[in-house]
Amino acid sequence: MSITDIQVTDELVHDDDHHEEHHEQSFIFKYIFSTDHKTIAKQFLITGIFWAMIGGGLSIIFRLQLGFPDMDMGFLQPFLGDWISNAGKLDPEFYLAMITMHGTIMVFFVLTAGLSGTFSNYLIPLQVGARDMASGFMNLLSYWFFFLSSVIMFVSMFLSTGPASGGWTIYPPLSALPQAMSGSGMGMTLWLVSMVFFIASTLLGGINYITTVINLRTEGMTFRRMPLTIWAFFITAVLGLLSFPVLVACVLLLVFDRSFGTSFYLSEIFIGGEALPNLGGSPILFQHLFWFLGHPEVYIVILPALGITSEVISTNSRKPIFGYTAMIGSILAIAFLSFIVWAHHMFITGMNPFLGSIFMFLTLIIAIPSAVKAFNYITTLWKGNLVFTPAMLFSIGLVSFFISGGLTGLFLGNAAIDINLHDTYFVVAHFHLVMGSAAFFGLLAGVYHWFPKMFGRMMDEKLGYIHFWLTFVGVYLVFFPLHYIGIAGFPRRYYSFTNFDAFSSFVDLNSFVTVAAFITFGAQFIFLFNFFYNIFKGKKAPLNPWNSNTLEWTTPRVPEHGNWPGEIPKVYRWPYDYSKPGAKDDFIPQTVPYHQTKESNTDFENEESKKE
Amino acid sequence: MDNTAAIFANRNFKIKSINAKKFALWLFIVSICMLFAGLTSAYIVKKSDGRWLQFEMPDMFLYSTLVLVLSSIVMHLTYLKAKNNSLKAVKIGIASTAVIALVFFYMQYLSWVQLVAQDIFLVGNPSGSFVYIFSGLHLAHLIGGMVFLLVIFLDTINYKVHSKSMLAIEMCTTYWHFLGGLWIYLYLFLVMSN
Ligand code: HEM
Ligand SMILES: [Cu+2]
Numbered sequence: 001m002s003i004t005d006i007q008v009t010d011e012l013v014h015d016d017d018h019h020e021e022h023h024e025q026s027f028i029f030k031y032i033f034s035t036d037h038k039t040i041a042k043q044f045l046i047t048g049i050f051w052a053m054i055g056g057g058l059s060i061i062f063r064l065q066l067g068f069p070d071m072d073m074g075f076l077q078p079f080l081g082d083w084i085s086n087a088g089k090l091d092p093e094f095y096l097a098m099i100t101m102h103g104t105i106m107v108f109f110v111l112t113a114g115l116s117g118t119f120s121n122y123l124i125p126l127q128v129g130a131r132d133m134a135s136g137f138m139n140l141l142s143y144w145f146f147f148l149s150s151v152i153m154f155v156s157m158f159l160s161t162g163p164a165s166g167g168w169t170i171y172p173p174l175s176a177l178p179q180a181m182s183g184s185g186m187g188m189t190l191w192l193v194s195m196v197f198f199i200a201s202t203l204l205g206g207i208n209y210i211t212t213v214i215n216l217r218t219e220g221m222t223f224r225r226m227p228l229t230i231w232a233f234f235i236t237a238v239l240g241l242l243s244f245p246v247l248v249a250c251v252l253l254l255v256f257d258r259s260f261g262t263s264f265y266l267s268e269i270f271i272g273g274e275a276l277p278n279l280g281g282s283p284i285l286f287q288h289l290f291w292f293l294g295h296p297e298v299y300i301v302i303l304p305a306l307g308i309t310s311e312v313i314s315t316n317s318r319k320p321i322f323g324y325t326a327m328i329g330s331i332l333a334i335a336f337l338s339f340i341v342w343a344h345h346m347f348i349t350g351m352n353p354f355l356g357s358i359f360m361f362l363t364l365i366i367a368i369p370s371a372v373k374a375f376n377y378i379t380t381l382w383k384g385n386l387v388f389t390p391a392m393l394f395s396i397g398l399v400s401f402f403i404s405g406g407l408t409g410l411f412l413g414n415a416a417i418d419i420n421l422h423d424t425y426f427v428v429a430h431f432h433l434v435m436g437s438a439a440f441f442g443l444l445a446g447v448y449h450w451f452p453k454m455f456g457r458m459m460d461e462k463l464g465y466i467h468f469w470l471t472f473v474g475v476y477l478v479f480f481p482l483h484y485i486g487i488a489g490f491p492r493r494y495y496s497f498t499n500f501d502a503f504s505s506f507v508d509l510n511s512f513v514t515v516a517a518f519i520t521f522g523a524q525f526i527f528l529f530n531f532f533y534n535i536f537k538g539k540k541a542p543l544n545p546w547n548s549n550t551l552e553w554t555t556p557r558v559p560e561h562g563n564w565p566g567e568i569p570k571v572y573r574w575p576y577d578y579s580k581p582g583a584k585d586d587f588i589p590q591t592v593p594y595h596q597t598k599e600s601n602t603d604f605e606n607e608e609s610k611k612e
Numbered sequence: 001m002d003n004t005a006a007i008f009a010n011r012n013f014k015i016k017s018i019n020a021k022k023f024a025l026w027l028f029i030v031s032i033c034m035l036f037a038g039l040t041s042a043y044i045v046k047k048s049d050g051r052w053l054q055f056e057m058p059d060m061f062l063y064s065t066l067v068l069v070l071s072s073i074v075m076h077l078t079y080l081k082a083k084n085n086s087l088k089a090v091k092i093g094i095a096s097t098a099v100i101a102l103v104f105f106y107m108q109y110l111s112w113v114q115l116v117a118q119d120i121f122l123v124g125n126p127s128g129s130f131v132y133i134f135s136g137l138h139l140a141h142l143i144g145g146m147v148f149l150l151v152i153f154l155d156t157i158n159y160k161v162h163s164k165s166m167l168a169i170e171m172c173t174t175y176w177h178f179l180g181g182l183w184i185y186l187y188l189f190l191v192m193s194n
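One line per chain: the protein sequences are A and B, in this order. Sequential numbering of the first sequence, starting at 1, is according to the numbering used here. Sequential numbering of the second sequence, starting at 1, is according to the numbering used here.
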């Protein structure tokens, strides 16, 4: 190819050469340093699953401490070593380390990298009709930066001084002063290094996702014909691109405070009776910068899950998604609003009450687009021919969590109520339902739905149902009681409550939550078995197992690099023509032109068919 | 090869609007903008918080700004030369841009020396620390730009930059102008707030 053609994304062409000539790639380039978006997606997924088990395992250990504070934890000594005292007690500082790691792992490594990394990578090229991402190489870098960041974070857990322990929000001065607690030393340093690579990974991925959606859509794939999954991934990537750099700014100043002695976040601090030299900084500044990322981040986590849900619910209700335009509009509105509400995490920092009420007002407005989405899911389900696949059940579960967790957001969004509830278990209940569990269910729904495409085989439905019901009921049993515990005043991130008489009547409830957490966590092993066993032994999947309209189901059972063996299919219609009146089948794939469906066309579509 | 080229020729209609790589560069620029927007708003928030030390910005910053503008002009002329296929001028142009950038580096360093002479250190009141962070982080991005210059310099030697293959040099020019604009923004921001 001549140099003049440099305009075309050349990496893609090279990959295609391979595909056409059927060169056998070596194992390393096919499965490890692959530039194929499908392989990279699977790498993200498996790494995400690994992290989810670590993050979940940590929560089980600290739940034991909370539910059964008198328990002898000697049996954990083989795993935790010196963090368990000889009397069988968990080290209080390690408790803080565990909740910090749990939060960091779940928010960033599982629900950001595991979710967006997997499904944006997997679905964007397949659903917009592209042979691969705009830059396969950047995509490869994105995964390996994530991998490196994972290794660093993992290593930090084995330091003798423990990993970072100041909470996933790493507020200074605790995080800024290595002498403040043992986790603020090397553990915090590794946390920061790991996050730098993580952010680089997210930005590389995000730039790729946006570019692919804008530039590489197949013929006919207009924005108004894009599946809602793609809309969600696209806007998520935009959010990440705009908010993660601010986290870089935030972390950069923290690094300077930690390592070079500047005073951005520090002022007038005494340690052990001695005054530190730092003057003139403010820890509140950190909170502003952190939450400017932090709030969009929670939507970075939930939007892809909502996108997956839109697709799964519409397919399995055999009905067009209710309010396609409203769905796009609400994604855009949520994305926009998420940048101007960050201070609702800071109502008790002594901010000007007038400013507080502005942020309160903006925060409550987010309830509107969120409610639009919830209503649209329900109206899509309403009177549909529901097909209860495991993916569908998990999607419905997501809607349930999104509503019950979103409602408590309305309480927290009111500054006057939040002053009572801030930093209690009520907040923990709120975000575990609306973000944690909902996004986790989105991830699971996506895996159950696209597993046949990813691995060419089917997962077991029965195991899927058992997994769903145990997890769904389990999540409510774990997190619903936390509302009461929070209202009763339990502060979050406390190692033990046995010293407070007022809390003694809640001991049983806390034990109950721990037992429920055990069952929920245990149920995930059913999924693990179902997932890994069926990658190798599952029933071979049909080409379009869910009778779905989107483009990925037009590829071969196991698509090679390049996705479609021949030309890329053209797109003639939106992806939601399910149960169209007059149509032969209850679904019409996006690749079917209007002139082949005279019986079900509207007048407008008949006009369109003349142009085809 | 022919086969795939045909497939791509087929779908070039999409790529006609904006080239994917150029687009990705713009997205990268957006993320850098957000980084500095975050930092400058941190500056504003911190300043309104009080306990703020006012000081004069060293005048060396003004001269370095002019030098950086000069490098942008040279870069742009180089780009125009590439359009005319005067490859020799392109090589000289890229090299001079890089040399001027090195001068800029040195002048930034001199500005820091001036700051130190004014008793403004990296460690101290945040008002001074911010100046070091802004200029230092800008230099870090400029290093990226220098690497880019090196890449297109090698491309030019290998006859990969000419009127029909402008993408790389065009992207480099865009990034270079952006770095110039970014510094002007930071400089004006600092001058107006001090
Ligand atoms: C109706 C919409 C929502 C409102 C009004 C709302 C409001 C709030 C408020 C005011 C807080 C701060 C509570 C405190 O710390 O005192 C909060 C915390 C939180 N919210 Fe929401 N929220 C909403 C939806 C969501 C959604 C959709 C997500 C995630 C997908 C989410 C994730 C979180 C998280 C992670 C925290 C806690 C962060 C932490 O302190 O560790 N919220 N929410
Ligand atoms: Cu928020």
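If you are wondering where the hints come from, they were derived from the structure by calculation, not from laboratory data. This one's a predicted model, so the numbers in the text were calculated from it and none came from an experiment. Incorrect hints may appear among the rest.
Claimed, not checked - Restraint ranges, calculated between C-beta atoms of paired labels, are given here:
1) B:22 with A:271: 49 to 57 Å
2) A:326 with B:22: 31 to 39 Å
3) A:259 with B:45: 18 to 26 Å
What the hints assert, rightly or not - Subject to a maximum C-alpha distance of 20 Å in a straight line, what follows is the list of computed SDA-like cross-link-like pairs (lysine to any residue):
4) B:22 with A:529
5) A:540 with A:601
6) A:540 with A:609
7) A:580 with A:606
8) B:47 with A:350
9) A:89 with A:500
10) B:21 with A:497
11) B:21 with A:606
12) B:47 with A:612
13) B:83 with B:165
14) B:22 with A:612
15) A:540 with A:519
16) A:462 with A:529
17) B:21 with B:33
18) B:21 with A:340
19) A:570 with A:525
20) A:383 with A:581
21) A:611 with A:138
22) A:598 with A:141
23) A:584 with A:601
24) A:89 with A:355
25) B:47 with A:460
26) B:47 with A:147
27) A:383 with A:318
28) A:584 with A:609
29) B:83 with B:33
30) B:81 with B:194
31) B:21 with A:350
32) A:537 with A:519
33) B:91 with B:114
34) B:47 with A:351
35) B:22 with A:383
36) B:21 with A:279
37) B:21 with A:609
38) B:22 with A:351
39) B:164 with B:99
40) B:22 with A:611
Glycine included, each C-beta is placed from N, C-alpha and C at the ideal position.
Those earlier numbered hints the structure runs against, lowest number first:
4, 5, 6, 10, 11, 12, 14, 15, 18, 19, 21, 22, 24, 25, 26, 29, 30, 31, 32, 33, 35, 36, 37, 38, 39 and 40
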